[in-house]
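> Here's the letter readout for the chains.
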Amino acid sequence: QQQVKQSPQSLIVQKGGISIINCAYENTAFDYFPWYQQFPGKGPALLIAIRPDVSEKKEGRFTISFNKSAKQFSLHIMDSQPGDSATYFCAASKGYSGNTPLVFGKGTRLSVIA
Amino acid sequence: DTGVSQNPRHKITKRGQNVTFRCDPISEHNRLYWYRQTLGQGPEFLTYFQNEAQLEKSRLLSDRFSAERPKGSFSTLEIQRTEQGDSAMYLCASSQDGGNQPQHFGDGTRLSIL
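Line by line, the protein sequences give chains A and B.
For the first sequence, our numbering begins at 11 and goes up steadily by one.
For the second sequence, our numbering begins at 9 and goes up steadily by one.
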């Protein structure tokens, strides 16, 4: 049973466009939702995270939208750049502080083309 | 920048052999996590520690796997009698106790079973 479902599996976006990746979760005990970026041969790196008490969080070109009733959250990358080409993972955990085990989605491979 | 350090980066071994990986967390991080990532998938939680205490083990962690963190600093993950299905990237992460403390990942150890 996959607790965090992520879509799409792959995404191609033009430079300057908006990349949108969606995730849905099942466990209502989850209360911390981070997004990680991973380049080939590297470990995941935290991009941005949100907690259920807010519906949106923005950091630079990255925005998380959160819909608690629908149990869905999404990552928006504005003005996408070729350097954003990587695999993106959504995740969830029960620990509000972020320091309990994470459940990851299967990932989205983003390609930003010029 | 002293991030999470994992050694070795690559390990190739024959089926049936034992292997051990090491993780050095960010200094002063008292939580340490092990995840496994197979090709095209998100990381899956294996186990985690708070200082030297092992707090939780996933059902993925069969009795061939053992993890230790004897002095609350570095950790080792040992796999005994390796099998083909153990081929994966083994990722280590660390975090600090308290609010808003995300997990920081190392670049992993890639294990290949011949």
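None of these hints come from the bench; they were simulated from the model.
It is possible that part of the hints are untrue.
Simulated crosslink set (DSSO-like; lysine-lysine; CA at most 30 Å straight-line) [said to hold, decoys possible]:
1. B:K79 / A:K52
2. A:K104 / A:K52
3. A:K104 / B:K19
4. A:K104 / A:K15
5. A:K78 / B:K19
6. A:K81 / B:K65
7. A:K15 / B:K22
8. A:K67 / A:K78
9. B:K19 / A:K116
10. A:K116 / A:K78
11. A:K116 / B:K79
12. A:K81 / B:K79
13. B:K19 / B:K65
14. A:K78 / A:K15
15. B:K65 / A:K104
16. A:K52 / B:K65
17. A:K116 / A:K81
18. B:K65 / A:K78
19. A:K104 / A:K116
20. B:K65 / A:K15
21. A:K104 / A:K78
22. A:K25 / A:K104
This structure is a prediction, so every number in the text was calculated from the model and none was measured.
> Does each hint hold? Answer for all of them.
We went through each hint and held it up to the structure:
| no. | hint | result |
| --- | --- | --- |
| 1 | B:K79 / A:K52 | holds, 27 Å |
| 2 | A:K104 / A:K52 | holds, 26 Å |
| 3 | A:K104 / B:K19 | violated, 33 Å |
| 4 | A:K104 / A:K15 | holds, 16 Å |
| 5 | A:K78 / B:K19 | violated, 42 Å |
| 6 | A:K81 / B:K65 | holds, 26 Å |
| 7 | A:K15 / B:K22 | violated, 35 Å |
| 8 | A:K67 / A:K78 | holds, 14 Å |
| 9 | B:K19 / A:K116 | holds, 24 Å |
| 10 | A:K116 / A:K78 | holds, 21 Å |
| 11 | A:K116 / B:K79 | violated, 34 Å |
| 12 | A:K81 / B:K79 | violated, 40 Å |
| 13 | B:K19 / B:K65 | holds, 23 Å |
| 14 | A:K78 / A:K15 | holds, 15 Å |
| 15 | B:K65 / A:K104 | holds, 15 Å |
| 16 | A:K52 / B:K65 | holds, 24 Å |
| 17 | A:K116 / A:K81 | holds, 17 Å |
| 18 | B:K65 / A:K78 | holds, 29 Å |
| 19 | A:K104 / A:K116 | holds, 19 Å |
| 20 | B:K65 / A:K15 | holds, 23 Å |
| 21 | A:K104 / A:K78 | holds, 14 Å |
| 22 | A:K25 / A:K104 | violated, 36 Å |
The earlier numbered hints that this structure contradicts are 3, 5, 7, 11, 12 and 22.
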